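Asker: Given the coordinates of chain A, work out where chain B with the ligands should sit on it, guided by the hints.
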Amino acid sequence: MKWSNVKYLILRRIVQAALLFLYFAGNYWGWKVLQGDLSTSMLLDKVPLSDPFAVLQIFATGATLGVNVLIGAAIIALFYGIVGGRAFCSWVCPVNMVTDLAAWLRRKLWIDRIERKVWITRNARYYMIVIALIVSALTGLAAFEVISPITILNRGVIFGFGAGAGLLLAIFLFDLFVVKNGWCGHICPLGGVHSILGKYSLIRVTHTSENCTLCMKCKEVCPEVQVLGMIGKRSEDVAKAECTNCGRCVDVCDDDALGFHIRNYLSK
Amino acid sequence: MSQETKKPRISERRRFFTDLAHHAGLGVMGVLLWAGYTEKAKSSPLTLRPPAALGENDFLKTCIKCGLCAEACVNRPQNVDRETGRPRPGTLKMAKAKDPVTIGTPFFNPRDVPCYMCEDIPCVPVCPTGALDPAKVTDPKSGELDFRMMRMGLAIVDPNSCIAFWGIQCDACYRACPLLDEAISLEYDRNPRTGKHAFLKPVVHADVCTGCGLCERACVTEKPAIFILPREIALGKAGAHYVKGWDKKDQQRVEERIGKDVTTHDKSSSESPEDYLNRGLEF
Ligand code: SF4
Ligand code: SF4
Ligand code: SF4
Ligand code: SF4
Chain A
1 MKWSNVKYLI
11 LRRIVQAALL
21 FLYFAGNYWG
31 WKVLQGDLST
41 SMLLDKVPLS
51 DPFAVLQIFA
61 TGATLGVNVL
71 IGAAIIALFY
81 GIVGGRAFCS
91 WVCPVNMVTD
101 LAAWLRRKLW
111 IDRIERKVWI
121 TRNARYYMIV
131 IALIVSALTG
141 LAAFEVISPI
151 TILNRGVIFG
161 FGAGAGLLLA
171 IFLFDLFVVK
181 NGWCGHICPL
191 GGVHSILGKY
201 SLIRVTHTSE
211 NCTLCMKCKE
221 VCPEVQVLGM
231 IGKRSEDVAK
241 AECTNCGRCV
251 DVCDDDALGF
261 HIRNYLSK
Chain B
1 MSQETKKPRI
11 SERRRFFTDL
21 AHHAGLGVMG
31 VLLWAGYTEK
41 AKSSPLTLRP
51 PAALGENDFL
61 KTCIKCGLCA
71 EACVNRPQNV
81 DRETGRPRPG
91 TLKMAKAKDP
101 VTIGTPFFNP
111 RDVPCYMCED
121 IPCVPVCPTG
131 ALDPAKVTDP
141 KSGELDFRMM
151 RMGLAIVDPN
161 SCIAFWGIQC
171 DACYRACPLL
181 DEAISLEYDR
191 NPRTGKHAFL
201 KPVVHADVCT
211 GCGLCERACV
221 TEKPAIFILP
231 REIALGKAGA
241 HYVKGWDKKD
251 QQRVEERIGK
261 DVTTHDKSSS
271 ESPEDYLNRG
281 LEF
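Those protein sequence lines, which keep their order, are chains A and B. According to the numbering used here, the first sequence is numbered sequentially starting from 1. According to the numbering used here, the second sequence is numbered sequentially starting from 1.
Bound conformation, chain A alone:
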């Protein structure tokens, strides 16, 4: 295996693991590097970082919030909105490791080649956002936060796992046997929020169709294949919101037809 074929994959795993380790250390040894969890963290004991979707749900319940979370949510929204795109999903979120493993196994076990019987729209995540906000308003409790496998896994690493870990296994099995990329690519409302947030980000994957040999390896690994409609046809950016900037397509392409670049708004 060539380094250039796994570069972004390995970088992503390092970033994901390092973040989990820092969170763990924040509780276990009291390190003041990254404290709290993915819903709200304190970076270097000074900078708040908050999950904009959790904050939105709390607003829906009608609560008034402290200024720290509001600043934190603004920082996160601006960072992904301007720079990172949907990178949260592939570089930060710990559930990505679970669902990527399921997707990898699907390919290895040829489950992919069996006809798919269950169909879910990829827009389900956007409906989930709306429903989560309605339920939060009706019940007075941030609705996605009580079922979110993301925070269950994240808190599990920091404070110890409980019975909620079963939910992660369920998602793994769902992705493996029921719908390909079912959770991250169809259902997860946090992924939906990050898609919307990151739609106009500067960092994008770009395709050079002159170099493309139509091997279609990129479409095999991409968790959001529908964003790769231009492959072999047009040289352009992967502009659809759902691209997670995971870089797997860049990794597997041996013909230099895919790469990261900074979107240039001026030349258009």
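Not one of these hints is a red herring.
Distance ranges between label pairs, derived from CB positions:
| id | chain 1 | residue 1 | chain 2 | residue 2 | range |
| --- | --- | --- | --- | --- | --- |
| 1 | B | L186 | A | M97 | 52 to 60 Å |
| 2 | B | K40 | A | D255 | 50 to 58 Å |
| 3 | A | Y126 | B | T18 | 15 to 23 Å |
Read the hints as simulated data drawn from the structure, not as lab findings. As the structure is a prediction and not an experimental result, all values here were calculated from the model. Ideal Cβ placement from N, Cα and C applies to all residues, glycine included.
Answerer: Chain B with the ligands alone, transformed into the frame defined by chain A:
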């Protein structure tokens, strides 16, 4: 051609409305299922929250489940095991799926680890959302944090299982209380069974007790005879119309009401009492 004739044709209009109904139906189903689960996911009313927590309903709305309070508690400098030098378990725990508490929210169980009523209350100012509100434990005069203002719950004594009520000498809870002789006092009473011994009965004073649970932790009985309940559960309410005639401060409530109209007005107010009291009666 043949394919087209097999399926009945659906007009664009019909398709639009069917799609609309389909989406609306799925949406309503989703809301109902999810809301039903969310209601069930709320904490048991017996949950004890960190110091300075908002009332349970507002707390559930506001807390983002970040765990900063629990991390501040376990990592406070005083919280080290003298033998190992490692932190002891913290008071505040983040609820897991099987706890009777909303998942991810902080709570404590005093029999395991009580709250030590830290002077600097490190768990409260770190809360980024205001679910723990520093104002609730800040002395309005000095503007400083005052641990005596914490109200996490209230200690309740079960006189049936408290061995001091049996006549056995025990003042474990009394001595464990950080507000010694203020939150718990010992009431002396004659023990008629022996005729020559005294009862030393612990009595909790609700206006002082913070609900820290050090007494529950210290209690010597198998299942604690003194335990912490949330104040909404532990306390009754006499209502505004009972006034302590012997208490100057309470008397003031009456003064405050003089001048205001305190008579009840309803449908019958305009009628004479003979009329409405006798209405519907047969003689
Ligand atoms: S297009 Fe490439 S970077 Fe975007 S999600 Fe697919 S594989 Fe990842
Ligand atoms: S006041 Fe109680 S809950 Fe807060 S840090 Fe101290 S021991 Fe922990
Ligand atoms: S610090 Fe505040 S928002 Fe965070 S878990 Fe504790 S109470 Fe909830
Ligand atoms: S809970 Fe017990 S130890 Fe704590 S203040 Fe109240 S009576 Fe004292």
